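Protein chains in written order, with our numbering: chain Y, 103 to 323; chain D, 103 to 323; chain V, 103 to 323; chain F, 103 to 323; chain L, 103 to 323; chain S, 103 to 323.
None of these hints come from the bench; they were simulated from the model. Bear in mind that the values here come from a model prediction, so they are computed numbers and not experimental data. A few of these clues could be false.
Okay, derived cross-link-like pairs now, DSSO-like style, lysine-lysine, Cα gap no bigger than 27 Å in a straight line [said to hold, decoys possible]:
#, chain 1, residue 1, chain 2, residue 2
1, Y, K283, Y, K246
2, L, K110, S, K246
3, L, K246, F, K246
4, Y, K269, Y, K246
5, V, K246, V, K269
6, F, K246, V, K283
There are 6 protein chains.
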Amino acid sequence: MDVENYLKQDDRLILVTGACEQHGYLSLLTDIRIPMALADAASQQAGVLIAPPLNFGCSPYFLTYPGTISLRLSTLMDAVEDIVRSVYGQGFKRILVLNGHGGNSGLKIRLTELCAQLPGLQVQWYAWWMAHSVEAVAIRHAIKPDHANWLEAFPFTVVGELPQEDKLPPYVPSDVMDAAKTRSVYGDGSFGGQYRVPQEIMDEIFAACLADILHLLKFES
Amino acid sequence: MDVENYLKQDDRLILVTGACEQHGYLSLLTDIRIPMALADAASQQAGVLIAPPLNFGCSPYFLTYPGTISLRLSTLMDAVEDIVRSVYGQGFKRILVLNGHGGNSGLKIRLTELCAQLPGLQVQWYAWWMAHSVEAVAIRHAIKPDHANWLEAFPFTVVGELPQEDKLPPYVPSDVMDAAKTRSVYGDGSFGGQYRVPQEIMDEIFAACLADILHLLKFES
Amino acid sequence: MDVENYLKQDDRLILVTGACEQHGYLSLLTDIRIPMALADAASQQAGVLIAPPLNFGCSPYFLTYPGTISLRLSTLMDAVEDIVRSVYGQGFKRILVLNGHGGNSGLKIRLTELCAQLPGLQVQWYAWWMAHSVEAVAIRHAIKPDHANWLEAFPFTVVGELPQEDKLPPYVPSDVMDAAKTRSVYGDGSFGGQYRVPQEIMDEIFAACLADILHLLKFES
Amino acid sequence: MDVENYLKQDDRLILVTGACEQHGYLSLLTDIRIPMALADAASQQAGVLIAPPLNFGCSPYFLTYPGTISLRLSTLMDAVEDIVRSVYGQGFKRILVLNGHGGNSGLKIRLTELCAQLPGLQVQWYAWWMAHSVEAVAIRHAIKPDHANWLEAFPFTVVGELPQEDKLPPYVPSDVMDAAKTRSVYGDGSFGGQYRVPQEIMDEIFAACLADILHLLKFES
Amino acid sequence: MDVENYLKQDDRLILVTGACEQHGYLSLLTDIRIPMALADAASQQAGVLIAPPLNFGCSPYFLTYPGTISLRLSTLMDAVEDIVRSVYGQGFKRILVLNGHGGNSGLKIRLTELCAQLPGLQVQWYAWWMAHSVEAVAIRHAIKPDHANWLEAFPFTVVGELPQEDKLPPYVPSDVMDAAKTRSVYGDGSFGGQYRVPQEIMDEIFAACLADILHLLKFES
Amino acid sequence: MDVENYLKQDDRLILVTGACEQHGYLSLLTDIRIPMALADAASQQAGVLIAPPLNFGCSPYFLTYPGTISLRLSTLMDAVEDIVRSVYGQGFKRILVLNGHGGNSGLKIRLTELCAQLPGLQVQWYAWWMAHSVEAVAIRHAIKPDHANWLEAFPFTVVGELPQEDKLPPYVPSDVMDAAKTRSVYGDGSFGGQYRVPQEIMDEIFAACLADILHLLKFES
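Just need the whole structure built from these sequences, with the hints factored in.
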């Protein structure tokens with residue numbers, strides 16, 4: 103009944119999408135935990151409601167790493183469509199999708215199609231690791247962000263013992279590889295570079311993303 | 103990498119399905135929280151791995167209650183199929199589905215179809231609120247269990263102020279009603295009866311379910 | 103052209119769903135014949151039109167019994183949706199689904215979704231063997247109803263020589279079993295109990311169901 | 103259990119597909135009744151098993167005629183696929199599809215795809231009204247066969263009072279018309295020509311089809 | 103921007119469907135090239151816009167001939183639906199589908215369904231090789247038209263050395279054969295008859311089709 | 103029959119995907135023409151076969167620009183899957199997808215899933231405008247590449263009069279906008295920057311892409 107009251111004064115919702123997939127020495131749910139932490143922080147400041155996270159995304163290339171669970175892209179798109187239609191029917195018109203996983207980007211196509219079908223629906227999409235603000239932090243500190251390296255090594259995602267040595271980024275022979283090939287290329291699962299950076303840099307990253315999100319939640323057009 | 107080690111000595115997995123739907127004065131995630139609590143307790147005793155919960159189920163009848171998010175049954179079946187195929191490919195052969203929501207029971211059909219396609223796959227299905235052991239507790243205390251009444255009012259699901267008075271179960275004109283009709287029938291969302299019972303009874307319920315689950319995790323056939 | 107005249111004064115339709123599946127010593131079409139017989143009787147009294155039956159349902163667990171034909175649940179839901187949309191477009195607004203088969207219950211989800219999309223559509227769902235009135239007859243005679251036992255042994259469903267001896271209900275290790283396992287559990291296909299009861303009891307069952315159906319055809323809300 | 107015995111000595115099955123659609127003064131189930139009558143006659147002579155008919159086909163163009171029920175072609179293909187897979191898994195390898203309805207011809211594509219996936223599966227397709235043998239009868243008697251004219255006016259399909267006068271075949275402006283346009287073009291539903299011919303001619307038609315079917319049931323390749 | 107101007111004075115579009123499949127000594131794209139050539143000629147005279155061709159159709163029976171690419175019928179129907187919806191939303195209301203391939207005829211069902219959903223949409227369907235006017239040419243010259251024989255041997259489709267000798271049409275045991283069987287029946291891919299006729303006859307065929315198309319483009323109803 | 107000979111000595115195929123969508127003053131088929139030109143050039147040097155292009159892609163955001171035709175992403179994925187399965191069954195094992203359109207990138211997920219299902223299949227994906235080599239050319243000349251600006255203005259794509267003045271890149275309020283919003287943001291369709299650069303630079307771009315493609319065609323892993 104709280105949601106009904108909320109809708110009397112706001113029509114915004116944050117939806118977190120991500121993945122359950124290998125992240126080297128980080129949590130299998132890294133791609134959920136990061137956007138969820140950002141959503142929580144943003145919600146505290148902006149008072150915007152957060153939907154329960156969809157804990158699975160598209161990660162077919164990592165299926166040889168046990169613990170990875172991958173939805174077909176068609177399934178993922180259907181699920182997000184069902185979620186959006188459910189809340190749209192209740193009055194949510196402005197939805198910020200906080201996406202934590204690159205394999206999910208096909209969702210933008212389905213969301214665009216939905217915008218054509220559901221009058222008044224506005225959608226913002228934020229893929230935090232691709233933000234200009236995050237790139238700026240990385241450039242400032244001269245470190246290269248990538249999957250399962252320092253970029254995602256937040257205190258709430260690290261679950262294993264991080265190696266001390268940097269990892270040489272492997273040669274990647276193709277953009278489309280099956281899961282067996284992917285594992286032979288990536289080994290421990292990290293895409294290479296530093297495994298960890300000082301916490302101050304992680305705080306900078308987080309703060310930069312949070313600022314972006316708070317801006318997007320204004321839904322200026 | 104922990105999952106890889108786990109698979110060397112075990113091939114069991116618990117998958118929690120449920121719903122994000124109105125539960126009167128209880129959490130929108132009641133149907134996830136209860137099976138998840140049971141899964142956690144069972145995992146501590148039996149050491150069986152738990153997959154991240156799928157936070158959404160089939161609740162089209164409650165869509166007029168804001169906060170309810172419903173997947174189409176076809177979407178839900180596809181998502182569970184994708185999850186099962188992902189982990190089956192990694193070596194999980196015995197899966198206990200802890201389902202927290204009645205609208206998801208069509209999943210059993212898809213799971214049966216999967217058993218025919220994936221050699222060696224064994225599936226157990228547990229819908230805790232329909233268990234004989236739960237019925238026995240209810241009969242012993244002469245209380246009638248139902249949606250969003252005392253049956254689901256655990257400490258970790260109550261989020262609102264529970265009414266003191268019992269609710270007279272409403273007349274339900276049809277098994278298939280649209281969401282508007284459903285809301286006019288059910289009002290606050292509870293299906294009626296007592297809103298709360300002493301914690302001892304809730305503990306009995308929980309213990310009964312836990313015992314059932316520990317038995318099912320033996321996958322005796 | 104008769105249907106066009108019918109629609110000038112009535113907007114009700116009976117749709118029979120069921121299964122083509124093993125029933126031990128009973129017809130493969132038992133789950134169609136019973137609701138169809140009930141529909142015929144109800145139609146004679148209430149003058150409501152009956153659509154041709156959909157002769158197949160969801161029975162993946164019985165596919166090792168030759169003669170069983172199973173639709174995927176997604177196919178079944180699509181077929182019923184197409185049927186409902188076809189007749190709705192012609193003016194049928196009140197539809198009673200007489201379902202003869204437990205594996206089809208996922209249909210209720212799709213029907214609920216359709217009610218949200220097709221204004222004015224009312225659906226009643228009747229699964230005769232689960233009716234309180236049938237339970238009452240069984241309790242009165244202290245006999246336990248189940249799949250392919252006396253409960254379904256009407257004169258128009260019996261096709262084989264019924265055993266004289268009762269069958270001890272087998273131990274069922276799981277709610278979700280593949281078809282091979284199901285056959286090893288159930289053997290001749292009956293779920294156990296008495297194979298036959300006196301015809302008077304069958305008449306009671308039939309009469310109880312018919313009364314229920316005639317009531318539902320009033321579509322009181 | 104009879105089917106199991108049958109499979110020990112035969113692996114052929116007849117599957118009847120058709121439609122529930124307007125046929126002017128003939129039964130809505132004309133497209134089922136005719137192939138079913140042929141199947142029955144063939145079965146008596148050749149001893150081949152018949153599956154229950156799928157009572158619905160693709161008739162979107164006739165939906166403005168009340169009583170017509172149309173499946174989407176995708177639904178119909180899925181249903182037939184599910185039927186074929188069900189019986190194939192039990193040992194049926196040679197399937198004769200007796201199709202009674204032109205709108206279903208897309209099924210041949212799906213059946214061909216299935217033949218590539220199910221080793222040893224042989225399918226014959228018979229659309230009786232398009233047979234050379236039927237054409238020969240029509241030419242011999244100088245009468246033009248068409249939908250809902252004499253061609254389908256068997257004793258078991260006529261349900262209304264057939265007009266005495268022939269109908270002038272209407273001008274058909276397009277192969278693809280919506281249902282409203284189709285009705286304005288066809289009026290009473292017949293495509294024109296004679297409504298009835300002497301029973302001897304109908305017997306010739308039936309005998310010609312039966313001979314074809316008995317030949318096809320030999321599955322010579 | 104040219105299309106926007108076009109739509110100010112016309113709402114017609116030609117859509118070419120066909121196949122990429124073996125045609126004996128003719129191009130794999132024969133079924134695209136012929137309707138595309140007809141579309142170009144018609145467009146020059148009638149000024150109607152042509153959409154880019156959909157280069158693939160349903161040809162599962164020819165998949166053993168390398169170079170054949172077949173879409174599932176469900177995929178093809180979805181693609182054509184997406185195309186029609188795209189252009190309908192922009193103002194195209196009259197669409198002539200120039201189909202070059204027999205395996206695509208299930209498309210007519212989907213197009214009919216679309217006509218019921220998209221108000222004002224008019225569709226014409228032209229399968230050139232089945233036209234009465236083409237049949238008339240063939241009869242006049244006493245030659246039998248068929249797949250990959252003279253009928254399709256236009257200067258812009260012939261890519262191989264055509265045999266001098268006629269081919270005896272093979273015995274075709276079934277309407278539904280898998281691709282291996284199909285190849286064993288048809289050998290070089292032609293369905294038999296003459297491989298080539300004088301260019302004057304081909305010109306007659308082309309002119310007859312063009313006249314038909316120009317008539318259909320008037321969308322008289 | 104040429105394809106059969108080809109397969110005796112090679113198992114590579116180039117598949118061109120793209121879009122039919124507005125490109126400002128460039129051809130609606132720009133995203134097909136560019137990769138097709140590259141494919142032709144590569145084929146001449148490396149002798150690799152090219153499949154007919156799939157002329158449509160995912161462009162829902164441009165549907166308000168007449169002439170844009172968009173497939174749903176699910177349709178596009180199904181079509182590419184059907185194409186890959188068709189040719190894989192004939193012996194093509196190494197497929198280079200030359201993609202010309204950003205909205206199609208979800209295809210990589212489906213292709214990865216296919217690699218897991220089709221043993222021995224190798225896929226390379228090349229999105230020319232995102233190549234490092236193209237970026238290097240742009241940086242060298244200090245020009246920013248973008249949709250429908252100079253980057254795509256090849257002699258074979260320019261169909262309108264290109265403006266002399268550069269376009270100021272518009273403010274883009276969201277990554278997910280409906281088609282009406284997209285048009286109001288982008289106006290003439292170009293994403294901004296220079297409309298044209300000297301042909302030498304275009305030649306550099308083309309040469310860089312061609313070199314990349316020739317390398318990828320080696321399928322080194």
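Is the Cα-Cα distance between K110/L and K246/S 27 Å or less? 35 Å, violated
If you draw a straight line from the CA of K246/L to the CA of K246/F, is it 27 Å or shorter? Holds. K246/L to K246/F sits at ~23 Å (cutoff 27 Å).
Checking one constraint from the list: CA of K246/V to CA of K269/V, max 27 Å. Satisfied? Roughly 12 Å between the alpha carbons, so the hint for K246/V and K269/V holds.
K246/F and K283/V were given as a pair; does the straight-line alpha-carbon distance stay at or below 27 Å? Roughly 56 Å separates the two Cα atoms, so the pair is violated.
Quick one, are K269/Y and K246/Y close enough, alpha carbons at most 27 Å? Holds. K269/Y to K246/Y sits at ~12 Å (cutoff 27 Å).
Straight-line Cα separation of K283/Y and K246/Y no greater than 27 Å? 24 Å, holds
In this structure, the earlier hints numbered 2 and 6 are contradicted, and the remaining ones agree with it.
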